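Engineer: Respectively, the protein sequence lines represent chains A and D. In this text, residue positions in the first sequence follow this note's numbering: the first is 7, and each later residue adds one. In this text, residue positions in the second sequence follow this note's numbering: the first is 4, and each later residue adds one.
Source of the hints: derived by calculation from the structure; they are not laboratory data. Keep in mind the model is a prediction, meaning the values are calculated, not measured. Some hints could be false.
To be verified - Covered by chain D, per the in silico footprint, the following chain A stretches (three or more residues, Cβ under 8 angstroms):
#: 1; stretch: 12 to 24
#: 2; stretch: 82 to 91
#: 3; stretch: 94 to 106
#: 4; stretch: 194 to 205
#: 5; stretch: 226 to 239
#: 6; stretch: 248 to 256
What the hints assert, rightly or not - Simulated pairs of lysine-lysine, BS3-like, Cα-Cα distance not exceeding 25 angstroms:
#: 7; chain 1: D; residue 1: Lys228; chain 2: A; residue 2: Lys209
#: 8; chain 1: A; residue 1: Lys87; chain 2: D; residue 2: Lys137
#: 9; chain 1: D; residue 1: Lys153; chain 2: A; residue 2: Lys88
#: 10; chain 1: D; residue 1: Lys215; chain 2: A; residue 2: Lys201
#: 11; chain 1: D; residue 1: Lys215; chain 2: A; residue 2: Lys165
#: 12; chain 1: A; residue 1: Lys160; chain 2: D; residue 2: Lys215
#: 13; chain 1: A; residue 1: Lys237; chain 2: D; residue 2: Lys115
#: 14; chain 1: D; residue 1: Lys220; chain 2: A; residue 2: Lys237
#: 15; chain 1: A; residue 1: Lys204; chain 2: D; residue 2: Lys228
#: 16; chain 1: D; residue 1: Lys220; chain 2: A; residue 2: Lys184
#: 17; chain 1: D; residue 1: Lys115; chain 2: A; residue 2: Lys193
#: 18; chain 1: A; residue 1: Lys145; chain 2: D; residue 2: Lys152
#: 19; chain 1: A; residue 1: Lys145; chain 2: A; residue 2: Lys80
#: 20; chain 1: D; residue 1: Lys220; chain 2: A; residue 2: Lys80
#: 21; chain 1: A; residue 1: Lys87; chain 2: D; residue 2: Lys152
#: 22; chain 1: D; residue 1: Lys115; chain 2: D; residue 2: Lys220
#: 23; chain 1: A; residue 1: Lys184; chain 2: D; residue 2: Lys215
#: 24; chain 1: D; residue 1: Lys153; chain 2: D; residue 2: Lys143
#: 25; chain 1: A; residue 1: Lys88; chain 2: D; residue 2: Lys164
#: 26; chain 1: A; residue 1: Lys201; chain 2: D; residue 2: Lys228
#: 27; chain 1: D; residue 1: Lys220; chain 2: D; residue 2: Lys175
#: 28; chain 1: A; residue 1: Lys88; chain 2: D; residue 2: Lys143
#: 29; chain 1: D; residue 1: Lys228; chain 2: A; residue 2: Lys165
#: 30; chain 1: A; residue 1: Lys165; chain 2: D; residue 2: Lys223
#: 31; chain 1: D; residue 1: Lys220; chain 2: D; residue 2: Lys168
#: 32; chain 1: D; residue 1: Lys215; chain 2: A; residue 2: Lys204
#: 33; chain 1: A; residue 1: Lys161; chain 2: D; residue 2: Lys228
#: 34; chain 1: A; residue 1: Lys160; chain 2: D; residue 2: Lys115
#: 35; chain 1: D; residue 1: Lys228; chain 2: A; residue 2: Lys237
#: 36; chain 1: D; residue 1: Lys153; chain 2: A; residue 2: Lys87
#: 37; chain 1: A; residue 1: Lys295; chain 2: A; residue 2: Lys282
#: 38; chain 1: D; residue 1: Lys220; chain 2: A; residue 2: Lys165
#: 39; chain 1: A; residue 1: Lys165; chain 2: A; residue 2: Lys184
#: 40; chain 1: A; residue 1: Lys193; chain 2: A; residue 2: Lys156
Glycine included, every Cβ here is placed at the ideal spot set by N, Cα and C.
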Amino acid sequence: MIKSIFYLFILLYSLEIFLRFIFILYKSKKKEFKINFFSLFILKKFFFGRITFYPDWMIETIHGKIDNGILTNKFRFAAAKKYLNLSEEENLSILSQANRISLDEVKLIFSKNNAFEQLRYRPFFGLFNLPNQNLPYAKLNNLGIQMNSKDFEKKENAKRVLILGGSTALGFGASESKFNISNSLEKILNEMEIKNNKNSVIKWEVINLAFMASQTISDLNVLIVYASALKPDYVFHLSGYNDLFYYMHVNKDKRLFRFNGSDEIYSELYKSNLSKLILFLSEYFVIVKLLKKFFIKHSEFNKQQIYTIY
Amino acid sequence: MKLYILNVYLRIILFVIHTPISLLFRFYKINFRKKSNFTKKKNKIVFTCFGLDFYSFSSFFIFIFFFPILFFNSRFESKIFCSKKIKISETPKQVSSLITYRILNHLRLINKIAMNNHAEYHFLLQPLLFNYNKLSNLDKKIISNVSKKKFNGFNYQDYCKEFYKNLLLGLKQDEELANHYEDFSNIFEGISDQRFIDPVHFGNIGQNECAKLIGNKIMKSDLIKRQSL
Chain A
7 MIKSIFYLFI LLYSLEIFLR FIFILYKSKK KEFKINFFSL FILKKFFFGR ITFYPDWMIE
67 TIHGKIDNGI LTNKFRFAAA KKYLNLSEEE NLSILSQANR ISLDEVKLIF SKNNAFEQLR
127 YRPFFGLFNL PNQNLPYAKL NNLGIQMNSK DFEKKENAKR VLILGGSTAL GFGASESKFN
187 ISNSLEKILN EMEIKNNKNS VIKWEVINLA FMASQTISDL NVLIVYASAL KPDYVFHLSG
247 YNDLFYYMHV NKDKRLFRFN GSDEIYSELY KSNLSKLILF LSEYFVIVKL LKKFFIKHSE
307 FNKQQIYTIY
Chain D
4 MKLYILNVYL RIILFVIHTP ISLLFRFYKI NFRKKSNFTK KKNKIVFTCF GLDFYSFSSF
64 FIFIFFFPIL FFNSRFESKI FCSKKIKISE TPKQVSSLIT YRILNHLRLI NKIAMNNHAE
124 YHFLLQPLLF NYNKLSNLDK KIISNVSKKK FNGFNYQDYC KEFYKNLLLG LKQDEELANH
184 YEDFSNIFEG ISDQRFIDPV HFGNIGQNEC AKLIGNKIMK SDLIKRQSL
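This is chain A alone, in the form it adopts within the complex:
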């Protein structure tokens, strides 16, 4: 009995290794990651690790589960470096030149726990900012938005500008929150106001409702929710690219509306516990990954549900 179990285990393991080898070859052919054949058999990941190749921090930040110290030595732009195929020096020098700060400062600012934004799923929006975050490039209040004024209600002498958009509008890339678009704009507008009229009592407030990976449909929903409460005088919408990016970078059969991490949310919302288990195991075993196609039901009805949310 024990002997047969042992043989079965060996058989399954060898089958798993063989399938992993084919899977990695397939992925490397698609140029999703680089592969070194000599290190292939030494790699811990190849024998035991996760086979879905995306950085851990991406999953942790999407679900807002950052424990203290987990990301202390992780660099925020490590994934960007990989995507842009740059060397570490080039990546650091781009950031230091664009922000006019030293290389050491770049490492220091973007290697802390708070360098990684945490996101929370909100129906109709997508993955919205988790409240009360102190990111290097943005300070988010208890609603997950950038707003310097503590009063939610508009004062009589105040003029409000709403900013909508994705990560660019949020200020992603700035080394300090005071240098991002919304804070710079508020400062500029108040300076200009005084310059035009020294006795002016008007105070400009810039409220930034932008969030990572936002597309125009999300911006529309954000404005519907906040416009009547915030009473803006101007709405500026810095966007356009994300709609194309998320159309091009998802599977062809899931292209109606997808955002960063929508696959994980889709599975959490609509899958049974067994399906969730299979999905979880499929990240670690190629055998389960293959079986997933037969076990998990993909009906047209379920496919359409995710689109009706937005």
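Based on the hints, put chain D in the right spot on chain A.
Structural biologist: Chain D alone, transformed into the frame defined by chain A:
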């Protein structure tokens, strides 16, 4: 994949089991059912299996091999004999026109919501590194690496350029949005210093310059409003 399995299964049954058996029956003139069921007043049940009554061996035989189809059909909810999916190769023009159409619809709605809330709406087409002619060395490196990525045989850069071109044209021609947009796609043109950190994001200096442009636009529009009051 599922249809493929069904297809293979049916063909195996047809060619390996049913065809040889039917040929055998024909050659050797084997006939289990000597009289037709229709001539009989009362059908005589041959045997019962799985709670189902079978009136002949051949009906039982057919059922045994074809009942997995019922399982497949209920399980996968797919049509067995439906045609295969037509593969559409998405060219930059096709993709850009589709996304432009979607975005313009969303922007029209955003504009209306802003108007209903007595706010002035402006869409700013965000800066994109691919739209620049004068580039720093690091920018060139970013572009050369990103533009290598291919989709449907086309460079990613082609998709981006075509999309921006199409969207700007759409905005220009749209009656509702023609006065509510600004092209920020190449606001850093002619600057040799580093602004971008990747194809779309930029650092402190770029953000400050972008804020200045927005600030000027707001102030200009606000002064006109104040004068008219």
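Engineer: Which of the numbered hints above does this structure break?
Structural biologist: 1, 17, 18, 20
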